[in-house]
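Below, each chain spelled out in residue letters.
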Amino acid sequence: MAYKILPDLCQACAACESECPNRAISHVEKLFTIDPTKCTQCEGVYDSPMCAQLCNSDACVPA
Amino acid sequence: MDRIVRINMSDLTTSIEPVPANWVGLGGRALTSTVVAEEVPPTCHALGASNKLVFAPGLLTGTSAANSGRLSAGAKSPLTGGIKECNAGGTAARMLAKLGIKALIVEGMPKDDKWYSVHVTKDAITIQEETETVGLGNYCLVRQVQARFGKPVGIMSVGPAGEMKMLSANISVVDPDVHIRSLGRGGLGAVMGSKKIKFISIDDAGTPPVMPKDMVRFKDAARIFAKTLLDHPVSGQGLTTYGTNILVNILNEAGGLPTRNFTSGQYAAHDKISGETMHDTIVARGGQPSHGCHPGCQIQCSQIYNDKDGKYLTSGFEYETIWGLGANCLIDNLDDIAEADNIMDDIGVDSIETAVMFGVAMEAGVLPWSDSKEMLRLLREEIGKGTPLGRILGGGAGQVGRVYGVTRVPVVKNQGIPAYDPRSVKGIGVTYAMATMGADHTSGYAIATNILGVGGHVDPLSKVGQVELARNLQIATAAIDSTGMCLFIAFPALDIPECLTSLIEMINARFDIALTGDDVTALGKSVLKIEHKFNLEAGLSKEHDRLPEFFSKELLPPHNAIWDFTPEELDAFWDF
Amino acid sequence: MKITLRLYATLQDYLPPGTPGNQVELDLPEGATITEVLESLSVPLALAHIVMVKGRHVLKPQLAERVLLAGDELAVWPAIGGG
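Chains as they are written, first to last, in my numbering: chain A, 1 to 63; chain B, 1 to 576; chain C, 1 to 83.
Incorrect hints may appear among the rest.
What follows is a list of derived Cβ distance ranges for each label pair [to be verified]:
| # | chain 1 | residue 1 | chain 2 | residue 2 | range |
| --- | --- | --- | --- | --- | --- |
| 1 | B | THR13 | A | VAL61 | 47 to 53 Å |
| 2 | B | GLY456 | C | PRO20 | 34 to 40 Å |
| 3 | C | ALA64 | B | ASP231 | 25 to 31 Å |
| 4 | A | VAL61 | B | GLY517 | 31 to 37 Å |
Source of the hints: derived by calculation from the structure; they are not laboratory data. Where a beta carbon is used, it is the ideal one built from N, C-alpha and C, also for glycine.
Turn these sequences into a full structure, and let the hints steer you where they fit.
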């Protein structure tokens with residue numbers, strides 16, 4: 001199951017984008033969004049999803 | 001960040017050192033100026049082996065703080081003869097921070113005629129001979145280098161101007177879209193060229209994100225900070241929609257838009273080069289009116305400007321460049337100015353210095369006023385190719401003035417004066433005179449308070465309050481320049497108290513320390529004093545903290561304003 | 001009496017429809033204040049951040065009192081920045 005970014009909380013600070021190991025996060029209009037087909041929840045790379053670790057607004061949550 | 005990297009170009013070796021105790025609390029400009037002041041003999045030749053070129057990310061660079069991705073570069077400037085720090089966006093700073101590199105110090109100089117490139121990874125820093133990219137413009141170079149490594153590596157490079165050690169040569173930094181940002185002013189490109197480095201590439205693969213020591217505290221502060229950027233109308237909307245070129249019409253109205261080499265404060269054709277016109281043109285041609293220059297930028301003040309066929313022409317199209325080639329040279333064709341911006345990025349020259357230079361060159365009769373086609377030809381065929389005329393022009397406004405016997409040469413410490421006339425915007429005039437960097441509008445951006453109503457209002461046409469304003473702004477700027485933050489956070493910082501308090505809180509959470517607002521002010525003051533001391537020892541005295549004579553003699557229409565500060569009034573700037 | 005009004009940046013949207021560029025000539029009653037001019041074009045006063053008359057700043061507290069004279073050039077911006 002992938003992660004998603006809650007649009008109401010996303011502040012478009014881009015903290016998540018460059019750290020995603022699968023490059024699943026992109027900038028659409030004024031917000032960031034996760035491609036669910038690419039998200040592997042950072043399994044095997046980090047001990048928990050990195051976007052959620054970095055997000056300043058707790059906007060990255062299980063989809 | 002936990003190490004200092006030294007790149008010795010005399011013996012082509014690299015070394016990694018622990019961070020000395022007195023550098024631990026420093027970053028960005030605080031660190032580059034400290035290193036230069038400690039290790040560079042102030043009287044050395046700026047293009048010789050004793051000068052050092054120092055790159056440093058800021059204290060918050062690499063974290064999830066918004067707008068924290070700026071890279072500082074410092075050295076003794078061959079243009080001003082004093083200390084120089086530039087900062088720019090792009091991708092390199094964040095990568096250096098993730099690699100744990102607090103400063104990258106380039107020292108010495110090769111004895112042979114070869115060119116080199118440096119590659120930085122998590123495992124090694126290597127110097128190799130470089131032939132493939134030598135002579136290339138920056139646009140071609142960044143594509144070739146990223147193709148060579150098969151990934152979007154960070155890049156700091158010099159164009160042909162830096163290879164030729166021109167005093168207006170800059171250092172380019174690649175941005176997330178493989179366009180160019182510039183460490184623009186003061187000839188740092190010539191310093192890099194003197195050390196025979198064509199580019200430094202950075203690969204942060206395998207590095208974890210920079211994690212603050214107190215993550216919860218950091219995130220809370222970062223959230224508040226980001227909100228102040230979005231809430232303030234300048235950083236949250238104005239700059240995002242229009243970029244900096246919105247200033248053309250304001251400065252024109254205020255009578256502070258230097259026109260025809262600083263002979264008037266208004267330009268009749270201002271509408272043709274205005275931010276509003278630029279915005280409409282960008283939108284009509286399918287460009288991007290908003291664009292960020294580094295990952296994590298929320299302000300998005302940059303833009304992508306296309307030509308009439310919808311093809312990329314330039315990005316990062318700034319007010320100071322458009323003012324300079326526009327009003328100051330009487331060129332009202334925004335497309336020609338955009339093409340010039342592209343060429344300047346490609347050959348690697350400071351767009352502000354070059355624009356001021358062209359105003360002096362037109363006054364000298366090197367080319368006719370308003371002749372944009374000849375201006376483009378001179379850029380491409382003379383400066384870009386290093387002909388004798390090109391080398392004269394590539395030396396900047398002061399050099400052209402001297403060569404052609406021009407008296408109306410708008411420079412301070414030999415650096416070209418940007419886009420705001422000191423006579424009718426007196427606060428910025430004080431910054432131009434007193435800044436350690438030479439005529440540098442960013443070092444104490446009094447325009448905010450003289451013209452834009454940010455941080456209160458100080459009448460631009462009166463001397464009252466200007467020295468204090470310039471002093472306070474320069475101190476604050478020196479501190480912000482050390483954090484890795486884009487200077488445009490200064491707009492919310494001047495009006496919304498939570499902006500600065502949350503910024504300090506982020507620094508404290510990052511390092512588990514307890515700085516106060518007073519500590520940050522003290523840092524700013526200490527950076528200015530270190531720089532001032534270096535300049536005095538380099539031979540820049542208070543006589544250099546002055547504007548050119550013509551500002552005190554020639555009235556500037558429409559307000560008939562004059563520069564009338566006494567030396568004593570100006571020297572009081574240093575009373576802190 | 002006639003004055004010239006220039007509205008810049010996002011305030012352009014408040015100019016009378018069909019106005020080319022940023023500038024319009026207005027015919028005002030004697031004694032008209034800056035605030036009254038802005039209100040007549042429905043410009044929200046909170047958005048009028050930078051105001052100049054003949055190139056000199058007029059600060060917000062004075063907008064309601066400052067009386068315009070024939071031939072005045074009034075220019076208004078929202079909060080914008082640069083550098």
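Hint check:
no.: 1; hint: B:THR13 / A:VAL61: 47 to 53 Å; result: holds (49 Å)
no.: 2; hint: B:GLY456 / C:PRO20: 34 to 40 Å; result: holds (35 Å)
no.: 3; hint: C:ALA64 / B:ASP231: 25 to 31 Å; result: holds (26 Å)
no.: 4; hint: A:VAL61 / B:GLY517: 31 to 37 Å; result: holds (36 Å)
The structure is consistent with each of the numbered hints, conforming to all of them.
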